[in-house]
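Chains as they are written, first to last, in the working numbering: chain F, 5 to 116; chain Y, 746 to 856.
Be careful, since some hints might not be right.
[Said to hold, decoys possible] Short, incomplete list of chain F residues facing chain Y, as computed with Cβ under 10 angstroms: (1) 35; (2) 48; (3) 82; (4) 106; (5) 108.
[As the list claims (entries may be wrong)] Sample of chain Y residues at the chain F side, in silico, Cβ under 8 angstroms: (6) 779; (7) 794; (8) 845; (9) 847.
[What the hints assert, rightly or not] Far from chain Y by the CB rule (all over 10 angstroms, computed), these chain F residues: (10) 19; (11) 32; (12) 47; (13) 52; (14) 66; (15) 72; (16) 104; (17) 109.
The hints are simulated quantities; they were obtained by calculation from the structure and are not laboratory data.
Even glycine gets a Cβ: it sits at the ideal position worked out from N, Cα and C.
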Amino acid sequence: EPEVTQTPSHQVTQMGQEVILRCVPISNHLYFYWYRQILGQKVEFLVSFYNNEISEKSEIFDDQFSVERPDGSNFTLKIRSTKLEDSAMYFCASSGQHYGYTFGSGTRLTVV
Amino acid sequence: DAKTTQPPSMDCAEGRAANLPCNHSTISGNEYVYWYRQIHSQGPQYIIHGLKNNETNEMASLIITEDRKSSTLILPHATLRDTAVYYCIVRVSGYGQNFVFGPGTRLSVLP
């Protein structure tokens, strides 16, 4: 069964550093998403991406965040200057048919 | 998207059916009912979805009431691996629509 692949599985970074989280969506999917989940809290929508541009973003997705599809397979989330409160699980997802999304297994970001 | 209400937690004995309820009294005619689950800290996993007819797949069955104001997800023979948080989400179908996750129901399957 096709999978969404995320790397790395765990990243530790110092506050103020830039991080890039990487995702390989399912190959024939057209919409891509990033969600995050702070420990013990709900899964929160960050951004959706289609046709090489952001289609929707939440209030969380401020100027510190950016997304990019640098080639035909990767989808990245960049956090320019990490804060302690950015520590969370970050999930990438992609969608094709209307039956929903396929989520990756996540990247655990720890900001110290 | 319509709001959903789910019990915060439920227990189920291994091998028995797990019936997870969801209320969505403000659902509109073009909104589907989706179910996802999240095992530990893994990414949410799609289970099933439906509009108004009952649906069944290899994972579960979805029963939607005739007025569409509530639904029940049924895991026919729960196993320990079904222990997870189950999310009922109502939204329109189609590309690009994001899912709004609530707190869900934490299902514990007990040996």
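Notebook entry, point to check: Which of the stated hints cannot be reconciled with the structure, identified by number in ascending sequence?
Noted result: As far as the earlier hints go, 3, 12, 13, 16, 17 are violated by this structure, in ascending order.
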